[in-house]
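Kindly produce the complete structure, drawing on both the sequences and the hints.
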Amino acid sequence: MNFCLITAHPWVAISTPVMETVKFLASKGNQIKLLVQLDPTLEKIGLKNPELNHPNVDVIQYKYPSFAARWISRLPAFLQELLLGSYILIRFFGLCKRSDFLIGYDPQGIIRAGIVAFVLRIPFAYHSLELYHRDRSFFLSVAKVFARKANFSLVQDRNRLRILRVISRLR
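In our numbering, the protein residues as written are -19 to 151.
There's no promise every hint is true.
Pairs of lysine-lysine, DSS-like flavour, derived with a Cα cap of 25 Å [to be verified]: (1) Lys43 with Lys77; (2) Lys3 with Lys43; (3) Lys43 with Lys24; (4) Lys77 with Lys129; (5) Lys77 with Lys8; (6) Lys3 with Lys77.
Hints in this document: simulated from the structure, not taken from any laboratory.
See below:
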């Protein structure tokens, strides 16, 4: 199968759940495209692309055009993610279209993956890395909608699953 993993944070190289998911899927013979948001400031402190030396894994960095990034950063968080999800859809249309399955990480990633999945009619999963139980923003409400629409959710342990079922009404 072809998997496209959509992350919304640039520190993927030190995110054990992301790295282990990639390694596991690749070890089973799957083709993996890992979309990683580029952040030049992190490169300055030594955080670069994840080092995944596997023939089935392609790490693809992306960053938003600088003129758009400044403008987008002034918008409410939910609008930022809707625009950034649309950007990924347009920029990586071919790559995403060839995917059999998408995985979105955290609230930003699930919104981005959800947009791509709905437009291209590709199944997708929500991989929860953090709990945002006190955040009542519209942004998080949008993320919860996409998380509930996902074919399934991946969590790190049973306690997290129990909590997410309550705060996000996940299956």
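The hints, checked one at a time:
1. Lys43 with Lys77: Measuring from Cα to Cα gives roughly 20 Å; hence the hint holds.
2. Lys3 with Lys43: holds, 24 Å
3. Lys43 with Lys24: holds, 16 Å
4. Lys77 with Lys129: Holds: lysine 77 and lysine 129 sit about 19 Å apart, inside 25 Å.
5. Lys77 with Lys8: holds, 21 Å
6. Lys3 with Lys77: holds, 22 Å
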